[in-house]
Amino acid sequence: MMKEYKKPELLVTAKNLTEVDQLLSAGADALELGGNGYGLRSSGEFSLEMIKEALDLAHSRQAKIYVAVNAILHNEALTGLAEYLSKLAEYRVDAVIYGDPAVLVTAQQSAPDLPLHLSSETVSTNVQTLNYWAEKGVKRGYLSRELSLEEVFFIKQRANIEVQLLIHGATCIFHSKRELISNYREFLWENSKLDVQYPEQAKLYLLESQRPTEKYPIFEDRHGSHIMSSQDICMIDHLKEFVDAGIDSLKIDGLLHTTEYLIQVTQMYRRALDQAVNTSLTDGFIEEIRKIQPENRPLGTGFYFKEQIY
Amino acid sequence: MTTSKRPELLAPAGNLEKLEFAVRYGADAVYIGGQQFGLRAKAGNFSFAEMEKGVAFAHKHGALVYVATNIIPHDADLEGLEEYLTTLESVGVDAIIAADPSIIHTAKSIAPRLEIHLSTQSSTTNWQTAKFWRDEGVKRVVLAREVSLKEIKEIKQHTAVEIETFIHGAMCNSYSGRCVLSNHLTSRDANRGGCAQSCRWQYDLFAEDGELDWSRIADSENVRVNPDIPYTMGSKDLCMIEALPELIEAGVDSFKIEGRMKSIHYVATVVNAYRQAIDAYLADPKGYRFDPRWLEEISRASHRPLTLGFYYNPTTYNDQIYQEGPKVRKFDFAGLILDYDQITKIATIEQRNHFMIGQEVEFFGPKTRFVQRIDRIEDESGTEIDAARHPQQIVKVRVDHPVNPFDMMRKEN
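One line per chain: the protein sequences are Z and X, in this order. Under our numbering, residues 480 to 789 are what the first sequence spells out, in order. Under our numbering, residues 17 to 429 are what the second sequence spells out, in order.
Quick caveat, the hints were computed from the structure, so don't treat them as lab data. Predicted model, so just to flag it, every value in this text is computed and none were measured. Where hints are given, some of them may not hold.
What the hints assert, rightly or not - So, partial list: chain X residues that the calculated Cβ filter (under 10 Å) puts toward chain Z: (1) D116; (2) E152; (3) E162; (4) S164; (5) C188; (6) H200; (7) Q336.
Claimed, not checked - Partner residues are not named here, just some residues of chain X that face chain Z (Cβ under 8 Å, in silico): (8) T141; (9) T145; (10) Y219; (11) M249.
Here a beta-carbon is modelled for each residue, glycine too, at the ideal position from N, C-alpha and C.
Construct all of the structure, not just a fragment, from the sequences and the given hints.
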């Protein structure tokens, strides 16, 4: 008998309260927010007060708010962590997203009722690992983006934990504590007295010398340097497969995009997902996305259909 | 003598021969890879038979052997894990180095006598996480390279888990385990052994402010941040030999040298230098003075510029390699000393690189260090020859000072 799964949640990242409001209206079932130094590559910066407001907005519309506490934490960051998690628990945040085991331990001690979702970048890759964390009370695992479709379905069938996948947006392919852009600028200045000028808001890209058509966004923040994928994953044509496999949460990451784009994409995924659940998915959604897709963000499918060697 | 704790000097051993040299040259422990579950898919990698020999050799010399089982496995990769771990347990290796909970959990369940060390691939950066893993039964944590000396002291204060840190060798640019550049650029999975060191390749950094025409990228000087100096991210090699007293006093339990892919010459030279420095400090901490010859030794084997990594300050451009560095003198391993006759003062040498009459060479080993010019070479039958031309050719060379079996001879490139 086909296992009866509930409809996957549509999860979107939000960068401010305006996006929270608009994304909820666009059909998001849950929103991910970050801030206070604990979120890793969060698209915005939410203070505790803003998180509280977001929760009011979301809960009044039967939607959820997850707060990202998924940075790699050095000793300094542990100060204040317990208080932060207790506050989030007090506000009744629907889950905290973590990567570093220190958050799990601190939550167990200071906020034991706070649901936890695992998001450990590239290192959530098999059933046993997920079940290891499930045994410690973790509710959901956000799988590594280097897994194939077959591999993620295999995991879903056997994991004792909810499973979340990225279905739209950029992925991080490199995370360093070093400030690699600043280092390069300083080197140019020291080496050739070249003061590199580019507008503050300029988006920076890396092109590798043998691969001139692939543009990899790179940026620096308090957690170091991040290099993103050259393509946006777009799995809108495969939603039926995710629904049939019972995937619990499907995430759209808006990090590199405008609010306008994110709202439109969310609306399209909302329609497509409802279709996939109720009837069958019609073709053509991906063409709608292509119409609004920025030229320098080609669409792709990540590693869902790609073989890797080692 | 000092009351400072004696740290373990931990060396990489890509194959059995390298393991033996690492131990002879002073390593207290070595880490190796087997044929499954380890990163560095291209390193020598030990069969179980070789592991048994390696463990026997190391234990005879009072050294320990750790096996890296540090991949981040996909489900298909886990096949055979239980058998592999139980075999390691029966071979008698002293610990496994694992990163993924799947491997740690399986080891605890089915090979409980195997000590578990947590790999740097897990990027442990704070005391709470180190403590967590100790509570999970992990005996030792290999910290992320991004942890400072100050942070190490804080970690030691909060938890009794053993702490191992890298003190020498190549560094990842990223947080270990958090880089899939090679996956994206070459489809080779960095977290399962396929790392292509893509961070060391050449890139161009472009700025786009929303108004520029991307089709002009290839020719546009305006867009490229700097046309003459490519952007690159390669890190200099870590070298903490001048900071050993501080590392010892901070209580670091194990000093790890990177380099399973490195040569015998590299391993022996680097281990030898650190061994001498550590022993000198422990023998007389107050009177300890750093000997610049230790750094000179290291530069005989290691050609990349050096850095102190994250130990003291946040890294800057001085810790990255942007261009060809200043020319360094390069040395090659030229011969392995097999025997020495103290009456005739003749060393029996196995050729590892061409050398000839008139050439200046250096002899070095745990108790040896001198320079001389070769003035006489004989082949095995006693015939004088002008050069040792063939790999592994056995020759006899007159030496100015005594040498010991397993000493090495090097020449300038």
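Against the structure, the hints come out as follows:
no.: 1; hint: D116; result: 6 Å, holds
no.: 2; hint: E152; result: 9 Å, holds
no.: 3; hint: E162; result: 4 Å, holds
no.: 4; hint: S164; result: 8 Å, holds
no.: 5; hint: C188; result: 8 Å, holds
no.: 6; hint: H200; result: 5 Å, holds
no.: 7; hint: Q336; result: 5 Å, holds
no.: 8; hint: T141; result: 5 Å, holds
no.: 9; hint: T145; result: 5 Å, holds
no.: 10; hint: Y219; result: 5 Å, holds
no.: 11; hint: M249; result: 5 Å, holds
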